[in-house]
Amino acid sequence: MENLEWGLKMTVLGMGLVFSLLGLLWGLLTLVLVLDKEPSVPVSAKEAIAEAERIAAVADDAVGAQVPEPATVNGMPADLVAAIMVATMKHKLTLRRQAAPFMRSYWPGSKMFASRWVATGRVRQNYSWQPRGK
Amino acid sequence: MENLEWGLKMTVLGMGLVFSLLGLLWGLLTLVLVLDKEPSVPVSAKEAIAEAERIAAVADDAVGAQVPEPATVNGMPADLVAAIMVATMKHKLTLRRQAAPFMRSYWPGSKMFASRWVATGRVRQNYSWQPRGK
Amino acid sequence: MENLEWGLKMTVLGMGLVFSLLGLLWGLLTLVLVLDKEPSVPVSAKEAIAEAERIAAVADDAVGAQVPEPATVNGMPADLVAAIMVATMKHKLTLRRQAAPFMRSYWPGSKMFASRWVATGRVRQNYSWQPRGK
Amino acid sequence: MIDQETIVLLLKGVNNVTWQSMFMIGVSFVLMYLAIAKDYEPLLLLPIAAGCMLANLPLSPMIAEDGMLKVLYNMGITNEMFPLLIFVGIGALTDFGPLLENPRLVLLGAAGQFGIFMTLIFALLLGFTPNESASIGIIGAIDGPTSIYVSGILAPHMLGPITVAAYSYMSLVPIILPPIIRLLTSKQERMIRMPYSSRKISRRTRIMFPIVVTVLVGTLVPFATPLIGMLMLGNLMKESGAVERLTKASAAEIANTVTLFLGLAIGSTMVGSEFLKTSTLFILVLGIVAFAVDAAAGVMFAKVLNWLSGGKVNPIIGAAGISAFPMAARVVQRVAQEDDFENFLLMHAMGANAAGQVASVVAGGVLLALMGAGG
Amino acid sequence: MIDQETIVLLLKGVNNVTWQSMFMIGVSFVLMYLAIAKDYEPLLLLPIAAGCMLANLPLSPMIAEDGMLKVLYNMGITNEMFPLLIFVGIGALTDFGPLLENPRLVLLGAAGQFGIFMTLIFALLLGFTPNESASIGIIGAIDGPTSIYVSGILAPHMLGPITVAAYSYMSLVPIILPPIIRLLTSKQERMIRMPYSSRKISRRTRIMFPIVVTVLVGTLVPFATPLIGMLMLGNLMKESGAVERLTKASAAEIANTVTLFLGLAIGSTMVGSEFLKTSTLFILVLGIVAFAVDAAAGVMFAKVLNWLSGGKVNPIIGAAGISAFPMAARVVQRVAQEDDFENFLLMHAMGANAAGQVASVVAGGVLLALMGAGG
Amino acid sequence: MIDQETIVLLLKGVNNVTWQSMFMIGVSFVLMYLAIAKDYEPLLLLPIAAGCMLANLPLSPMIAEDGMLKVLYNMGITNEMFPLLIFVGIGALTDFGPLLENPRLVLLGAAGQFGIFMTLIFALLLGFTPNESASIGIIGAIDGPTSIYVSGILAPHMLGPITVAAYSYMSLVPIILPPIIRLLTSKQERMIRMPYSSRKISRRTRIMFPIVVTVLVGTLVPFATPLIGMLMLGNLMKESGAVERLTKASAAEIANTVTLFLGLAIGSTMVGSEFLKTSTLFILVLGIVAFAVDAAAGVMFAKVLNWLSGGKVNPIIGAAGISAFPMAARVVQRVAQEDDFENFLLMHAMGANAAGQVASVVAGGVLLALMGAGG
Ligand code: NA
Ligand code: NA
Ligand code: NA
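Chains as they are written, first to last, in the working numbering: chain A, 1 to 134; chain Z, 135 to 268; chain Y, 269 to 402; chain E, 403 to 777; chain B, 778 to 1152; chain L, 1153 to 1527.
Extracted from the complex, chain A is given alone in its bound form (with noise of 0.2 Å):
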């Protein structure tokens, strides 16, 4: 039982370690946003949800980051659930086209790295997360 002891104190180290890191990144970020003193401003899901589509977009190029799921939300297939989104947010938006963003444009034409998400990422990506047309 020397092992399971050792193990033990591993483990409460090793997560007490990780706890007091993450927290104290908590108060750091905190204070910057105090800092910042930018507005906190309610926006509905659906916007805040498009826009983390965006960002998961951009992340599945990274490698080891492939998405084996179908293509389907609840049954419905995703490249329409995009569509409706988009449309439903399109009236809101000023769409900026030529700042295309460069992850998606270098291999053109092709659809290699396109996820079922990018339809909805192409709209909204060149916004940091400000959906109130600030």
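Think of the hints as simulated: they come from the structure by calculation, not from any bench.
None of these values were measured; they are calculated from a predicted model.
Idealized CB from N, CA, C, for every residue including glycine.
You can take every hint at face value.
Pulled a few chain L residues facing chain E out of the computed Cβ check, cut under 10 Å:
id, residue
1, L1161
2, L1162
3, V1166
4, A1202
5, M1205
6, M1214
7, L1224
Place chains Z, Y, E, B and L with the ligands on chain A using the hints.
For chains Z, Y, E, B and L with the ligands alone, coordinates are given in the frame of chain A:
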């Protein structure tokens, strides 16, 4: 003449081994094709040559496979020949534009890698060779 | 002062060698140009500057050649200046669109590498400097 | 004319086929099947499978002195350069915005590392050495480069199975998470909606984030400096917007080349005698355990937060704290929608998910520090 | 102020110019001319020429200890990594479909390797050592990476001229083949038309092909494992369709970088005293012989097949068995059309050509096995 | 349970923070600020800053034996491969046309190197060793790879500050040049217009130029062979038009990857004790001096040419002879337009600028030759 004897031995052994190995491969491939049970269907020579040119055009991109030949086929400009071939085949094919293979499209606008057969290739390259419209 | 003496010696030798070598190069280049027998034809300063900007725009892509200057030419927006230049030159030129140089086109859609002079460059970059319409 | 010696020479290959090497080639076929037909992280598993196949062919010159797989191994595995370079590319494609807007999610990432240590204990009990146990535990970081980096230092002889387990199970996240989430939460909990508020994250904050994290983590846990430093370097290049050529090169050309080389080199370590032990089987089983415990710990910790916040935190977002960015967050969103199609948790889950990414790296460094590795 | 010593220092470069180094710089100019003006495989010959020029400048620091050309040589020639990486790219762009539809063409590829062994004998008779003879013979593989790989192992001091011969003559295939074909066949034979039938090659078969070839060849001829393994790895990645990023990287970024480095490194071996021997001249002559014998053997073997099949095989497709994919096949098609414009043999020739590609690699491995190299 | 030893282990990082390392991390922040906010050569300065930060974190494993920054340093700095590879990319993007049309501008490039030697003398007088002085002087080449190459050979311990100075000041060219130009020239001189004539430069001449320069410079100054050879190799590939894949790879993929690695490796040399000396301050000051003297010498020499030519040369184009291609030429054009908006000197300035690029490399080689470095 000891050298000659050794050389002949190498030749017999070497060519013997090469033939044996490729013979073995022949057997295996034949077996696989039998197991695949795909029917063998006669096709016109023109269809075959168009497909062959498509394959050759992709391989031209490989390092060490440049083609210093004049771009003519029996005196006719190669592009013209390709264009005629394409035209005669077109009505048999449904064009799947969106799946243009990445090999050809990464530096769009540039003709950097484009051989004279690309025109042909562009049309057919998304098909595995099944000109019967299968 | 031994140091100073050695330093002066280095300077004399060093600058002497640099001048000698470049002088030799001058001679060789002049010889080559004489052998080339191409006529020297006066051109307008505007044509010359447009060509020079084209060359500079390509070189801007080199690592260690970033341009942190404000994108203005004597207070006028650089893009505008470039556009005016292009307009005044356009009628003299046949545009060879298809030969857009690969340097500029590999990440299309992105303005990643595009300096303010690209607009000028795009028009003229396929010509070796021969504004006489030769 | 054809003498005895020549015949021996010609049959050398066939004579050196062993059941172990044949079995390992079979393993490589299974990995190819998973990569190609099942789409399990093919970018990693296909090169690993190829490396495994090539290394197990009889008398393979590829793993001999100066053999190409050996060269690749020495080029970037021995010195850990390959996993670190891949991290630069990951950092260049990761947007920490969801975390920056909602910093309290950070703690969910910490909870999602619990599986590392649980698995370490299980491995110890099964008789693995401390270093081996820690290497197996690190599968629970659910982060490829971290697993490769840590196990490459602590137990390089186990690099093959650990990497295979890490990447295979990462592909299985959409299958592993949902039942665990459902088991540990009530339908009512899963239906908790979380409101959104948005704040503009200034460019300055986005640029400071990777720098602050690097200095903070690097100072407190020096062993984590390479991992966190490279991840954050990629992120710094991305957020600075000043070096797009380098950002792109890190995320594309360098990442692709290194991935191919890394996979081949790791695959080449999977040779018969070392791989064909019960320990390999244990690693595969313990890997699943690590994933499951991670997810469970994340959910349970989120339940605590929910209780503390008076019911405002949907506990299932805790499952995204395991990392596997951004897949785990998507799975959480899907599970939420099964009970309430109008429940949109994705952005919160992404925050927890990004926290998990940082926490995984921190945990890797902490583990190395605790093992006192390298000095 | 300017002393004797300084003057000596300054004239060091000029004083070290030798007629050998000047001659070699002249050779580099010829190679540049061939590459730029004649378009002979410029991707290889231009870097080789540049490497040769830079290595032969007086006192060149580039080939000194830690000099860049030396560094590149040690990076990828000594350990043979560069030619193998180029093979991955070639495999990623090669479609073995024409061979898979028509497997009996495989034997034509075998026949096209006869020049390797004939040339080996000629070289022996001219007084070359067995290893040197085999290295010269391998020019007859008519495949750049194979020639570099084999001669790099057996006779690295001959790497320069052998590589130059291999790539230059490959550019000359359109000039070398037609007269040989016409000499050995009657007009009637050349006018034989071959019918086509097409069968769908399943994705499974296409994926299995590189795996089967690797295991088969690698088991029977372990020395061929690196060559065949890397060629087939590229093909597997391509046909799997699962790792397009890696396929593209292999065929583009990696291939381009490696080609530049490989060319420079090989060029740097071409320094005066070693290159300026009658042996170099012999190599150049024997290289042409190898090409010619290959083509002749291919055609003659195809004539046998024609006889066996009752006149159904056009013997000129045998000339495509030499490899030089896909150029040789195109040349064969052109020759056929000279006698009958409606005669379309290209797909059959492509099958023989792809077989020649595989057979070249196999022959390289067999040659290494017979020489007992390395192992 | 948690013993003394463990606590010591955990506090190891914090305990090893020194004021030197904190100061250096502060320096890295300044560099990041310059790179990101001020856009000073971010492609180089951002990686350098990151390397500096990572190397100065307590007990940084990245600069330990087998640490990644160490690996990168050994990969391409020790053997000077990285700066040489960057030169290939620069050559591939440089058009020497303006110089070829107007060869007499060549001498302006020579004059623009005077700052190298002046600075060398100042450094000697400040007590630096000859090798160190020459390394500081080479900042006056106003060319990144040349500075890295020369100082990497003569004084590798000063590589960090010299590289930082070279690239930072290069970004400051638009600020440094105008006052010097105005100080040394009258308004009348600055308003001299220079006529243009154009001649077609044949493709043959364009191809011969890099070859001639390489052979000429390489023969007379063997130490310059690597620098001039690689710059001209890139240019040869570009002008030949025969190897566009390699040209593009040199200017993009290879350049980007090498820049990232080079910056990180150089940054990692900037660790406390070595960097925090008054010598570093001197280097920074002397670097500015080198730039200023270069520009002044260029202008003064152009005034001589103006006098010799009877008033036909605008002396301000001499300032473009310092190199910093093509930025210096643009600055000259801007200064000219301040006095006469219709005065277009850019093409002449580009010629002087291209000459400066060649002259910088020649001067680097000459300096190495005079120091007798390496043999
Ligand atoms: Na994790
Ligand atoms: Na062959
Ligand atoms: Na200079």
